[in-house]
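Protein sequence lines, in the order shown, are assigned to chains A and B. Note that UniProt numbering has the first sequence beginning at 1, numbered continuously upward. Note that UniProt numbering has the second sequence beginning at 1, numbered continuously upward.
Be careful, since some hints might not be right.
Pairs involving identical chains hold if they fit within one copy or between any two copies, as the list cannot separate such chains.
SDA-like, lysine to any residue: derived pairs with alpha carbons at most 20 angstroms apart [unchecked claim]: (1) Lys101 / Leu42; (2) Lys101 / Trp35; (3) Lys138 / Pro46; (4) Lys101 / Asn136; (5) Lys101 / Pro46; (6) Lys138 / Ala47; (7) Lys117 / Ala176; (8) Lys23 / Ile78; (9) Lys101 / Arg33; (10) Lys117 / Val34; (11) Lys23 / Arg193; (12) Lys117 / Glu104; (13) Lys101 / Leu44; (14) Lys23 / Asn136; (15) Lys138 / Ser192; (16) Lys101 / Val34; (17) Lys117 / Leu211; (18) Lys101 / Ala43; (19) Lys117 / Glu105; (20) Lys101 / Gly48; (21) Lys117 / Glu56; (22) Lys101 / Trp112.
Derived from the structure by calculation, the hints contain no laboratory data. Remember, predicted model here, so these are calculated numbers, not experimental data.
There are 2 protein chains.
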Amino acid sequence: MRILYHLPLSPYCRKVRLALAEKRIPFELRVERVWERRDEFLALNPAGTVPVLVEENGLAIADSYAICEYLDEAYPDISLFGRTLAERAEVRRLVSWFDTKFGEEVTRNLIWERHLKRPLGLGNPDGAAIRAGYANLKPHMEVIGWLAESRPWLAGQQLSLADFAAAAHLSTLDYANDVDWTLNGAARDWYSRIKSRPAFRGLLQDRISGLSPPSHYADLDF
Amino acid sequence: MRILYHLPLSPYCRKVRLALAEKRIPFELRVERVWERRDEFLALNPAGTVPVLVEENGLAIADSYAICEYLDEAYPDISLFGRTLAERAEVRRLVSWFDTKFGEEVTRNLIWERHLKRPLGLGNPDGAAIRAGYANLKPHMEVIGWLAESRPWLAGQQLSLADFAAAAHLSTLDYANDVDWTLNGAARDWYSRIKSRPAFRGLLQDRISGLSPPSHYADLDF
Numbered sequence: 001m002r003i004l005y006h007l008p009l010s011p012y013c014r015k016v017r018l019a020l021a022e023k024r025i026p027f028e029l030r031v032e033r034v035w036e037r038r039d040e041f042l043a044l045n046p047a048g049t050v051p052v053l054v055e056e057n058g059l060a061i062a063d064s065y066a067i068c069e070y071l072d073e074a075y076p077d078i079s080l081f082g083r084t085l086a087e088r089a090e091v092r093r094l095v096s097w098f099d100t101k102f103g104e105e106v107t108r109n110l111i112w113e114r115h116l117k118r119p120l121g122l123g124n125p126d127g128a129a130i131r132a133g134y135a136n137l138k139p140h141m142e143v144i145g146w147l148a149e150s151r152p153w154l155a156g157q158q159l160s161l162a163d164f165a166a167a168a169h170l171s172t173l174d175y176a177n178d179v180d181w182t183l184n185g186a187a188r189d190w191y192s193r194i195k196s197r198p199a200f201r202g203l204l205q206d207r208i209s210g211l212s213p214p215s216h217y218a219d220l221d222f
Numbered sequence: 001m002r003i004l005y006h007l008p009l010s011p012y013c014r015k016v017r018l019a020l021a022e023k024r025i026p027f028e029l030r031v032e033r034v035w036e037r038r039d040e041f042l043a044l045n046p047a048g049t050v051p052v053l054v055e056e057n058g059l060a061i062a063d064s065y066a067i068c069e070y071l072d073e074a075y076p077d078i079s080l081f082g083r084t085l086a087e088r089a090e091v092r093r094l095v096s097w098f099d100t101k102f103g104e105e106v107t108r109n110l111i112w113e114r115h116l117k118r119p120l121g122l123g124n125p126d127g128a129a130i131r132a133g134y135a136n137l138k139p140h141m142e143v144i145g146w147l148a149e150s151r152p153w154l155a156g157q158q159l160s161l162a163d164f165a166a167a168a169h170l171s172t173l174d175y176a177n178d179v180d181w182t183l184n185g186a187a188r189d190w191y192s193r194i195k196s197r198p199a200f201r202g203l204l205q206d207r208i209s210g211l212s213p214p215s216h217y218a219d220l221d222f
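Turn these sequences into a full structure, and let the hints steer you where they fit.
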């Protein structure tokens, strides 16, 4: 069976899980405690990060960018990148926006500082970073709301990896009850739409020892 | 004419310049002072970052990841991503390694802290970050040296975007005289090979007001 090495609170792993599920590619999840730096895992990915996808033929693909591009080339029936060059450029621009800008300005400041830093023995949470994370969420929700009001899906006419990248970050934050859903109605409506897709079911079933999600996390009519 | 909005000390812009030149796609460079946040530029890329490529038909592509993938799809004659799925996964893994891991651990600590932060009025250089940048350069040069000794080019048999991503970061650091080339002979030999390619000429002619490169910067027999 195809294996995805992951961590449940990694938005990059969640993006890959959503892409695999939307493309109906079966896979088995395996939690990798990357901080243990297992030799066998470092042989698959010297960077020591998740996600890493290992195909049944043994091909290992490391890095969420490489995995998502690979999936679209290897399993092109359901494309998540759009058809025209312009559509594909827009999907990738937004994937990069969410994975770098949103990731650095919001997700890292909240998830890393609030929920991972201390349990991993890497120091106390930085209050200023946490406040910045909450402050940054507001303009980012406005961007998502603006895109969702301008277009059927975030990157255009079709559901794409841009939606999954955004939803991966938001679902990670939502699991930790870090999203104020009253900030933007259009963003909330878009998230409700994507959360209802069958591809999302796996994420909504996640339960992490020591950190329970709020009751609305798996509620499709939140 | 096709326009690339760039900054000369951005490794992400340099990667795109190398890809364009290697694929023999003519373009005009235009410096974008991103900190001025020009409305016309923000309309091209709301993230406000370079590089942004604007094609003659008006199509604007923002983000170095989106641009490089676009170039390979729009101008496939000279591919920089390899042929097989495995080759392409390896190229992308390494592009991500250099653009994120090397970028965060080395380039940002040195170029940003030493040469950009103060001139842009964003505070004094952080000595600890600079020391970390120099310390991190050593293992990264060993990785490059190891790859260069194991394979004809960093990602495999063919020159690829992985070589250009690595060379983009190193050439930025080298312009600022931040590379100790005695650290690894194999890495130095590989850099000498890629630096000699015609695609590199534009980078070697860069001259930035107020920051002169060391004499070996443009020397092909350094």
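Worksheet item: Which numbered conditions among the earlier hints are violated in the structure presented, ordered from lowest to highest?
Response: 14 and 21
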